[in-house]
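Line by line, the protein sequences are chains A and B.
Mapping to this note's numbering: the first sequence position 89 is 171, numbers consecutive.
Mapping to this note's numbering: the second sequence position 1 is 59, numbers consecutive.
No wet-lab data here; the hints were simulated from the structure.
Mixed in with the good hints, there may be bad ones.
[Claimed, not checked] Below are the BS3-like pairs computed for lysine-lysine, each with C-alpha atoms no more than 27 Å apart in a straight line:
id : chain 1 : residue 1 : chain 2 : residue 2
1  : A       : Lys150    : A       : Lys106
2  : A       : Lys106    : B       : Lys126
3  : B       : Lys126    : A       : Lys150
4  : A       : Lys160    : B       : Lys158
5  : A       : Lys106    : B       : Lys158
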Amino acid sequence: DAGVIQSPRHEVTEMGQEVTLRCKPISGHNSLFWYRQTMMRGLELLIYFNNNVPIDDSGMPEDRFSAKMPNASFSTLKIQPSEPRDSAVYFCASSPQGLYNQPQHFGDGTRLSIL
Amino acid sequence: KQEVTQIPAALSVPEGENLVLNCSFTDSAIYNLQWFRQDPGKGLTSLLLIQSSQREQTSGRLNASLDKSSGRSTLYIAASQPGDSATYLCAVRPDGATNKLIFGTGTLLAVQP
């Protein structure tokens, strides 16, 4: 049974470049979440979707960040332009919508380094 | 604003010891609380989920308790093993209307063989 799949696993790029992170949720899961993890701030929710619709994007730090979910099996998180302070591990998670006592399932994350 | 705190930030114990990890939250009006495990370079794995109406949940050597009125949860690990070494995070879901989780900063556990 495939879990949440994220790509790439590691990304190193220079400041100012566009970065696109990708996520494939577990089949049948209707909710998708993007998190950012840093030593200083811990794990923070950036945005989440229900049935491909963004529900809460209050955690998105700036307009440089955007997220899309064009269909039930794919989502992207884009940073443009990237800055060194965006360096972090970005996680995607999914869960069955409406079943609020079901845990979220996490991917292995994308480790992003902005030089 | 709900805040979740985990103390201690790091813990080292010898193999075989029973241990308790602590999680505190500032707003007692929660929907549920979850405990996760995170291994280095990996995502989070859900261990136990306690609904707001429950007092505890058990899975194998793990037991999680919840005291909403005092804003506390504990994760008890019995007969610890080196394979239990990981970071343990608790997360609170503030209400049933949203899927948002608010995470603590975690406790890094090292079980020495």
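Tested hints:
1. With a C-alpha separation of about 12 Å, the suggested pair lysine 150(A) and lysine 106(A) falls inside the 27 Å cut-off, and the hint holds.
2. Straight-line distance between C-alpha atoms of lysine 106(A) and lysine 126(B) comes to about 35 Å, which puts the hinted pair past the 27 Å bound.
3. As the CA atoms of lysine 126(B) and lysine 150(A) are separated by approximately 36 Å, the hinted pair breaks the 27 Å bound.
4. This hinted pair checks out: lysine 160(A) and lysine 158(B) have alpha carbons roughly 21 Å apart, not beyond 27 Å.
5. Annotation: proposed proximity of lysine 106(A) to lysine 158(B) holds, straight-line Cα distance about 20 Å (limit 27 Å).
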